[in-house]
Amino acid sequence: MIEPTPAAVREYWQETLGALAHYPARPEIELLPLRSTTFATLFGVRLTSLGPYRLFGYLSIPTGAGPFPAIYYPPKYQSVLEIIPQGTANLQRSRYVTFALAGRGQRNADTPYAAMFPGLLTEGIDRAASYVFRGIVADSVRGLEFLLTRAEVDPARVVVAGNDLALIAAASTAGATHVVTTPALFYKTAELAPKTQAYPLEEINDYVRTYPARAEAVRRTLAHYDLVSFAPRVAAATLLMAGAPGTLLDGAALQPLAAALRGPVTVYESRQSLYKDGLYAEQWMAAQCDIADVESILPEHWRG
Amino acid sequence: MPKAPAETYQSTVRKPDDFHAFWEAVLREAAAVPLEPEVIPDPLRTSEDVEVFQVFYTSLDQVRVAAWYCRPVHRVERTPAVMVLPGYQMDPPIPKEWARKGYAALSVAPRGKLRSNRQFNPGYPNLLTYNIVDRHTYAYRGFYVDTWRGIDFLLARPEVDPARLGVTGSSQGGGLTITTAAMRSEVRAASAGAPYLCGFADAVELTHTYPYEEINDYLRLHPERRAEVEETLAYFDGVNFADRISCPIIVNIGLQDNVCPPETGYALFERIGSADKHLYPYDGHGHDAGRARHTAVVDRFFARHLLGREVSQ
Chain G
1 MIEPTPAAVR
11 EYWQETLGAL
21 AHYPARPEIE
31 LLPLRSTTFA
41 TLFGVRLTSL
51 GPYRLFGYLS
61 IPTGAGPFPA
71 IYYPPKYQSV
81 LEIIPQGTAN
91 LQRSRYVTFA
101 LAGRGQRNAD
111 TPYAAMFPGL
121 LTEGIDRAAS
131 YVFRGIVADS
141 VRGLEFLLTR
151 AEVDPARVVV
161 AGNDLALIAA
171 ASTAGATHVV
181 TTPALFYKTA
191 ELAPKTQAYP
201 LEEINDYVRT
211 YPARAEAVRR
221 TLAHYDLVSF
231 APRVAAATLL
241 MAGAPGTLLD
251 GAALQPLAAA
261 LRGPVTVYES
271 RQSLYKDGLY
281 AEQWMAAQCD
291 IADVESILPE
301 HWRG
Chain E
1 MPKAPAETYQ
11 STVRKPDDFH
21 AFWEAVLREA
31 AAVPLEPEVI
41 PDPLRTSEDV
51 EVFQVFYTSL
61 DQVRVAAWYC
71 RPVHRVERTP
81 AVMVLPGYQM
91 DPPIPKEWAR
101 KGYAALSVAP
111 RGKLRSNRQF
121 NPGYPNLLTY
131 NIVDRHTYAY
141 RGFYVDTWRG
151 IDFLLARPEV
161 DPARLGVTGS
171 SQGGGLTITT
181 AAMRSEVRAA
191 SAGAPYLCGF
201 ADAVELTHTY
211 PYEEINDYLR
221 LHPERRAEVE
231 ETLAYFDGVN
241 FADRISCPII
251 VNIGLQDNVC
261 PPETGYALFE
271 RIGSADKHLY
281 PYDGHGHDAG
291 RARHTAVVDR
301 FFARHLLGRE
311 VSQ
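Each protein sequence line maps, in turn, to chains G and E. Using the numbering used here, you'd call the opening residue of the first sequence number 1 and step up by one each time. Using the numbering used here, you'd call the opening residue of the second sequence number 1 and step up by one each time.
Certain hints may be false.
As the list claims (entries may be wrong) - Pair ranges (Cβ atoms, derived):
| no. | chain 1 | residue 1 | chain 2 | residue 2 | range |
| --- | --- | --- | --- | --- | --- |
| 1 | E | L44 | G | P232 | 45 to 55 Å |
| 2 | G | E28 | E | E48 | 21 to 31 Å |
| 3 | G | S130 | E | R14 | 56 to 66 Å |
| 4 | E | A31 | G | G44 | 38 to 48 Å |
| 5 | G | S130 | E | Q119 | 48 to 58 Å |
| 6 | E | D49 | G | G66 | 26 to 36 Å |
| 7 | E | T8 | G | R46 | 40 to 50 Å |
| 8 | E | V297 | G | R10 | 26 to 36 Å |
| 9 | E | D299 | G | P24 | 21 to 31 Å |
| 10 | G | G66 | E | A275 | 23 to 33 Å |
| 11 | E | T137 | G | A198 | 30 to 40 Å |
| 12 | E | R100 | G | A217 | 44 to 54 Å |
| 13 | E | E48 | G | T111 | 29 to 39 Å |
Keep in mind that the hints were calculated from the coordinates and are not lab data. By construction, the Cβ of each residue, glycine as well, lies at the ideal position given by its N, Cα and C atoms.
Take these sequences, add in the hints, and give me the full structure.
Shown next as structure tokens:
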């Protein structure tokens, strides 16, 4: 296989982000009374990304005098866009500005392109230039750029929380002070996919099995997205959420990624409990953002 | 003050007097709609051990419902089948792992889900409160029927043994497992995890997380509609379906579940009519409801009831 050189990868992303810069975001912000409370106001946000493509996000602003710490939720690997992740106490919105973005193809950003799940991970994967995630990375960057324009946000406390796109967004533009990342898509993908039958990586296996002649092209495209190559540009304090010991993306497997990150890193291995894992992440973010009484913004069943 | 144990919680759910009449009328309406199944091979997702198909069938209001259907390449003439039901926000998975265990497996995308949203698309969030003031047009009326029609699809498959059907799911899939097992007597075994759609009125008091928070959002904006909302939800509450369940059933819950409060899981379990029922409460677990440990329990349960064999620990 002819791997793209580091210079070629750098150029690929410079061109992508350069093209993104040609499109002003042109945000439209609309109050959503149904989801606004006494402690937070919710807005629907439309903004332009690479393409041009019009995106959608949910922006929540706490009641009171800011600035506030912020959590940016870049696009998840699912069709649905959540205001805040399922199971998060709504009271999280009383202490943080939150911004959740639908990338191209996700609900509310699915015109003209509606993504399929499974399916998105291999959309256009045989050519790096037209791979759908080139646009989705640009979307993720655009979302962070937008959030940082908000006067309510304390620029010293900006958390980017999500899957691989959290780390990639933080590496690709300035402004993230903290990252919570759960790699699932772009860590040694070509090497690890054949070791699992579980989606989403099974999408890669399906594609290569069906189009074996494109296997090299797939590897070449994925080489542009490997998290290890982004990591040296992440100076933010990072919580790396690994799988449980013995799983495909456990702490040992992610060690090269942890070592490549430029900022301080905490590696947390899943305890196979959404309660224990979620509680750890909430407490980590609160501690990093100087929120002393995290207990008050936890879900009822997580409180002591 | 220390919190009361979840198992002592007293549910406020009450069954309407005409609950069964309401649903019998819905079933009659659904029965008049031809299923019109389409089964389309999906070579991209098919592997050497599992055949994968995209499926479509017609449900209430003539809504076309999508599903994934998998079957083992090497199978007996009449294969047991499992219907897999999806969570609230998840995209229905391709159930290859069930086929690898020896089952034909159908993973349904009820109306509004990706691939089933051309005719009905209330969005997420919003599904939970769509027409919530009217039980005759509430989103879950058709949504429930879409899953029950999945049983009709399986019964129509020549390779499926109609006497060995199971249903399973977690979260919303757990709630739909309850309603399906209650309304389709052909179901011979059911496994429900962290059941959602059970104890709505209790859940919105016990927790303030999405998706249940959608109801609190709605009532905050429309407090004058509370009585209508509560009236509607009583017809859709899994707790009120539970006494109709007669097949063997297992239920797993997490005692720190931040999405579907464990109190509602206990209330549901108490109302399940089957004599062969077992509850697995997992302390130290949230909405995963102990999945990492419980998967083996589910495998043994279905192997015993559908495959007719005991699986070692």
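Hints and how they fare:
no.	hint	verdict
1	E:L44 <-> G:P232: 45 to 55 Å	36 Å, violated
2	G:E28 <-> E:E48: 21 to 31 Å	50 Å, violated
3	G:S130 <-> E:R14: 56 to 66 Å	57 Å, holds
4	E:A31 <-> G:G44: 38 to 48 Å	41 Å, holds
5	G:S130 <-> E:Q119: 48 to 58 Å	32 Å, violated
6	E:D49 <-> G:G66: 26 to 36 Å	56 Å, violated
7	E:T8 <-> G:R46: 40 to 50 Å	48 Å, holds
8	E:V297 <-> G:R10: 26 to 36 Å	50 Å, violated
9	E:D299 <-> G:P24: 21 to 31 Å	54 Å, violated
10	G:G66 <-> E:A275: 23 to 33 Å	58 Å, violated
11	E:T137 <-> G:A198: 30 to 40 Å	38 Å, holds
12	E:R100 <-> G:A217: 44 to 54 Å	29 Å, violated
13	E:E48 <-> G:T111: 29 to 39 Å	38 Å, holds
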